[in-house]
Amino acid sequence: MRRLLIYLVGCSLFAGFLPAATAQDRSPLTETIIRNATVLTITRGTLTNTDVLIRNGKIAALGKNLKAAAGARVIDGTGKYVMPGIVDCHSHSMLDTINEGSLSVTSMARTRDVLNPNDIDLYRGLAGGVTTLNLLHGSANAIGGLNTVVKMKFGRPVEEFIFPGAMPGIKFALGENPKRSSFQPQPGQTRRYPATRMGVEEVIRDAFTRARDYQKTWAEHRAAVARREKNLVAPRRDLQLEPLVEVLEGKRLVHAHCYRADEILMLINVANEFGFKIKTFQHTLEGYKVAKEIAQHGAGASIFADNWSYKIEAYDAIPYNAAIMTRAGVNVSMNSDSDERARRLNIEAAKAMRYGDLSEEEALKLITWNPAWQLGIHDRVGSIEVGKDADVAIWNGHPLSVYSRVDTTFIDGQVFFDRQQDLARRADAQRERAALEAAEPNRPPAGGASPRTPRGRRPAHDDDLGKGDTGEVEQP
Amino acid sequence: MPRVYPRIAIVMATSIVLLPLLSLAPSSINAQRGSLDTYAITNARIVTVSGVPIERGTIVIRDGLIAGVGANVTAPADARIIDGAGLTIYPGLIDSSTSLGIPQALPSPSPSAAPGGGGGGFAQLRPQTSTTVALNSTQPPGLQPEVLAEDFLRPGGEQIEAARNAGITTALTAPRQGIWMGQSALINLAGDTTQQMIVRSPVALHVGFTPLRSGVYPTSLMGVFAALRQMLLDAGRYRDMQQAYERSPRGTRRPDQDRSLAALLPVLDGAMPVVMYADREREIDRALDLAEEFKLKVIIAGGLESSKVADRLRERKVPVLLSLNFPRRTTAALPEADPEPIRVLRERVEAPKAAARLVTARAKFAFQSGAMTNIADFRANLVRAIENGLAREDALRAVTIWPAEILGVSDRLGTIEVGKIANLLVTRGDLFDRNRTITHVFIDGRPVDLRPADPTSAPSVIAGGGSAVATGTWTLNINLGTGDLAATLILQQEGERLSGSMQGGFGTGEIANASTGPGGEVRFTVPVTFEGQTAEATFAGRMTGNEMQGSVTLVGRAPGSFTGTRAAAPVPPSAR
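Heads up: the sequence lines are chains A and B, in that order.
Each residue of the first sequence is one higher than the one before, counting from 5 in the working numbering.
Each residue of the second sequence is one higher than the one before, counting from 44 in the working numbering.
Please note: incorrect hints may appear among the correct ones.
Below 25 Å or equal to it, Euclidean Cα-Cα: the simulated SDA-like pairs (lysine to any residue) are [as the list claims (entries may be wrong)]:
| hint | chain 1 | residue 1 | chain 2 | residue 2 |
| --- | --- | --- | --- | --- |
| 1 | A | K220 | B | M284 |
| 2 | A | K234 | B | M284 |
| 3 | B | K351 | A | K234 |
| 4 | B | K351 | B | V402 |
Label pairs and their calculated CB-CB ranges [to be verified]:
| hint | chain 1 | residue 1 | chain 2 | residue 2 | range |
| --- | --- | --- | --- | --- | --- |
| 5 | B | L308 | A | P168 | 35 to 41 Å |
| 6 | B | T572 | A | K296 | 47 to 53 Å |
| 7 | A | S313 | B | R296 | 56 to 62 Å |
| 8 | A | A223 | B | Q147 | 47 to 53 Å |
| 9 | B | E436 | A | G159 | 34 to 40 Å |
| 10 | B | R296 | A | K255 | 30 to 36 Å |
| 11 | A | E389 | B | L308 | 32 to 38 Å |
| 12 | B | R302 | A | G391 | 53 to 59 Å |
| 13 | B | R280 | A | R209 | 23 to 29 Å |
| 14 | B | D312 | A | R447 | 46 to 52 Å |
| 15 | B | T551 | A | E365 | 43 to 49 Å |
| 16 | B | P292 | A | A228 | 34 to 40 Å |
Chain B regions said to be covered by chain A (calculated; three or more residues, Cβ under 8 Å) [what the hints assert, rightly or not]:
| hint | region |
| --- | --- |
| 17 | 249-260 |
| 18 | 278-292 |
| 19 | 384-392 |
| 20 | 556-566 |
Bear in mind the hints are in silico, worked out from the structure with no lab data behind them.
Owing to the predicted nature of the structure, the values given are computational and were not obtained by experimental measurement.
Here a beta-carbon is modelled for each residue, glycine too, at the ideal position from N, C-alpha and C.
Using the sequences and the accompanying hints, generate a full structural model.
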C-alpha cells in the first residue's frame, strides 16, 4: 500500500512533464547566490544564516553578506537548508538494459552504450535532491559489465552526463544472483555455470588467471616491438579481459554485489591473492559480521537501510548494519538500487539515526561524502566547500525530516529541478497534452474496444521488470 | 487504354514463346532478354526528376532502357505505342529498406523438446530460428555478416506484387533479423529469376542491434555493442594476420580462414556502407558513436527521431533511410487506463514532420516503407509528410533520385534520362493525389501486370455492415521465433464493434482495442504471458474467408507472425 501511494504521488507530481527551464537557468555563466540559509556542509559542520555563492559552476564562497555580481540569481534561503547533491552509489536508472545475463563473465558489456538521457526517473531523482549516480550493470554474473558515473543532467546530451575524472568501475556479484538459484531458465535456455558459491569463486579466479596471461601476452608483444622485431602482428584485443587487467593494475574500481559474510571474506581472499582491491561491497547485508575485515581491506560498503528477508541470503540483515560498520571504521553509503527509492534517499539515511544512533552528520554522510569517496569523486562533490562543484539542493526543511522536500536542485551551478517552475509549467503541459490528444495520430482507432483486463499492481521498481532485457526478474 | 492492354498481352505472350528460341541466338545481354521490348508512350506529362517536367512528350523504351525522352521525340516504327494523353510518367519509386523476397523465419521446434530439459547442464549453443543462416560460419546465426540477401532471394510473391501495384519498382532488400543481419541487395521488383531482379549486390551490411533470443550471448543491447566491437576488432586483426602471412608465408603458421571476419573487411575499409537500424535520438547517437569508433561509412535506417540529430547527420554526411511507417495510436481510450506519456503523444505527431526538418537541416534522406503492413500507406504517408511541410518535389526525390544516390545507383536509376533503366510509373492524376490511378508500371522496360486493390472484391463482405464478419472460433498458430504457440481466439463482431477473448499458450485474456477494416483487416491487443512476463501483444492481420494471417508485436521483441483458421462458418449477426 505504501508503495502504491508513493507511486501515485510520484505520478501526479511529475508524470508527463519535461523540464523546459529558461536559458538563464541553464547558463553556467549565471551567478547564483543563496542568502541566509542553513548550510549542511557535511565536512565543516552546519553553518547558519549563511550565504552560498555559486559562480562558473563551482561553489565560489560561503559566508555572511557575500557580494554577488549584478544580474546574479538571488534566492532567499531564509528557513531553508542547503545540502550537497545526494550521490547514489548503486543505480540502474537511465539504462536501457541492465543485465547481459548470458555468460558468467560479461566485462565486455558497457553501461555507457545504453544510457537514456531522457529517462523520467532522473527528473524524479532530481526532485529528491540526487545529483550523481553510479550506474551499475546488473548482478546476473560473477563478473558483470562496466559502470558509468554520471551527473544527472536530465534532458542534456548524453556526453554531458559523464562525470569528469570519475574512476571507471566494474560490477562483480556473489551469491544467489550469479549462481542463478532463484531464476528459472527461459524457454530454450539451459542452466548456466556456476550453480554454487564455490563455482562463483572459481569463475572469478579463472577470469583473473586468464587476465594475467593476457597481460603477459601484451607485455611480451610490447617488448618485441621495442626490440624492433619484424612482421609482428599484435595479439588479439580481448574486450572481456582488458577491464580485468585494469583492475589488476589499480585503474578500475570493483563494486561487488554481495549479501553473506562468507562470500565477502571469499572475495577479499581472492583479491589479496591476485593483488587487487575491492572498492565497494554493494548491499553487504551481513557486513556487520565482518566489518573489521572490510575496513582492513580498505573497502567501502554501500547498503540498504532496512531491506530484509526478501530472499534466503537476506535473512540475516539488520537495520543496525550502517551504524555497526561505521563504528568499525568502514566507509558506508546508502544506495537506492531503485528508481523509486532514489527519490527519498534522505529518509534512508535518517533511518540510521533511529537504528544505531548515528549523528546527524554521520547520517548525511551516508548519502553524500561517503558514496563520493567510494566513487573516487570526493574532491569534487559530496560536501559544500569552496572550489567544489556546485551540485547542491535547497530543501524547505531539514533533509532528515520526512516533512521536507526539495525546492531547487543544481548541478554545476545550473538548475535541473525547480519546484516552482515545475508547478508553473503544469498548465502548459496540460494544454499541450489536450492539443496532442486531439491530433489525428493520437485519436483512438475506430471499432470500439472491450475494457482491458486489469493487470494487477504495477511493480514499483524498474528492477522488477528487468527493463525488458532478458526478462529476468532482477533482485537488489 | 482498353485498346492497349490486349496488345501488350500479345507481345508478352509472344515474347514468352520466343524466349527459348532467342536464347539460342548469338549471345548478347540484350538478346537474352528478348529484343521485342520497344515501347513508346506518347503525349504524356513526363516528370523526369532530373529537370523540369515535360508537359507533353514521348518516352521511348528499348531493351530495358530509356532510349529517348522529350517533347520532340518521335516513336520508332517498331515500338508498341501507348497513348499517354492525360497520363503522367514518373521514375519508378524506390523503397530504400525492405525484406522483399526474403523468406520469413520458419517455425522452430518447441523449446520443451530440447534435449537435457535444462536440468543442471551448462549453457549450450542453440541456433536461432532464422532462414538466413550461413554455412560453415564461425559465428552463431545473427552474428554472420557474410550472409547475402541475394542467396536467399525468391522472385515473385504477394508482397512484391503489392509493392509493384503501389508503384514501387526497386527496393533494397535485406535479411530480416540479427545483429549483423547480412548484406543487402538492390532489386527490381520483376523478373522470373533472382538473377534478373538484382540491380546491385551486395549494397550494404545491415546491423540490427536486436539481441539474440536463444539465450546465447549477446542477449542484451549492452552485449550487442560489445559483440559488434569485438568482431570489428577481430576483423582488423584478421586482416593484419593475413597480410603478415602473405608477406612471408614460409616459416609463418597459416592463419585460420574466417568468412565472418573476412566479410567485415570491406566495411572496415569504408568500401561498403553499414546500414544501422536506429529510430530514437539516443539509438541514432549510439549508432553514430560506434561508426565513428571504427570509421565506418554509416547509413541510418528507421530514423523516427532523426531530425533531432540532423546537424550531426549533416556534418558526418550520414544519410537516413526514413521510415514512412509513422507511429499512430492503436489502443482505444479507456477511462481506467493511465494516460499515455506525453512523449508518446508528441512522437506520433512529430513523426511526419521529420522529412521536412531533414531538408531544412540539409541532411540527406530517402524514404522506406518500414515494414508497414499495408503498402497503400506508402502513398498516404508520403502525403502526410507533404502536409507536414515537405515540398512535393522533395517528396518525389526522396522516393526516386535520393535513394538512388544513397545506394550508389544514381547512374542507372532514379530519374527519367536516356540510358537509365526503364523503371517507370504511369499514373492518371498526380502521384500524390488520393484519387490517382496507376495505369502502367514498367520494370526493366517491360510492363508488369497490375492488380490494383479493389475494396469491393474483398472476401466475406456483408451488405450493410461494409465489413468482413470476424465472428467465430479461430484456432491460431502463433510464432514469436521460439516455437509455435497454439491459441483459441473467440471473436464476436456486431457492426463495427469487435470483442472477444483468447486462451492458450499465452494465458487467457480479453481482447481490447479491436477494429476491423473493409478489406478483412483485423486488429486487436490482448494481454499475454510470455517467457514469464506479462505484456500486451498486438495482433494485426487480414481475414480471407475462414483463414486469417498477420503479425504479432510484443514490446521488446522482434515481430512474430500468426495464422488462424475458423472452425465453423461465421454466425450472421441476426442469428444471435
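So, going through the hints one by one against the coordinates:
no., hint, verdict
1, K220/A with M284/B, "holds (20 Å)"
2, K234/A with M284/B, "holds (13 Å)"
3, K351/B with K234/A, "violated (49 Å)"
4, K351/B with V402/B, "holds (13 Å)"
5, L308/B with P168/A: 35 to 41 Å, "holds (37 Å)"
6, T572/B with K296/A: 47 to 53 Å, "holds (48 Å)"
7, S313/A with R296/B: 56 to 62 Å, "holds (58 Å)"
8, A223/A with Q147/B: 47 to 53 Å, "holds (51 Å)"
9, E436/B with G159/A: 34 to 40 Å, "holds (36 Å)"
10, R296/B with K255/A: 30 to 36 Å, "holds (34 Å)"
11, E389/A with L308/B: 32 to 38 Å, "violated (54 Å)"
12, R302/B with G391/A: 53 to 59 Å, "holds (58 Å)"
13, R280/B with R209/A: 23 to 29 Å, "holds (28 Å)"
14, D312/B with R447/A: 46 to 52 Å, "holds (50 Å)"
15, T551/B with E365/A: 43 to 49 Å, "violated (57 Å)"
16, P292/B with A228/A: 34 to 40 Å, "violated (20 Å)"
17, 249-260, "holds (count 6)"
18, 278-292, "holds (count 6)"
19, 384-392, "holds (count 7)"
20, 556-566, "holds (count 5)"
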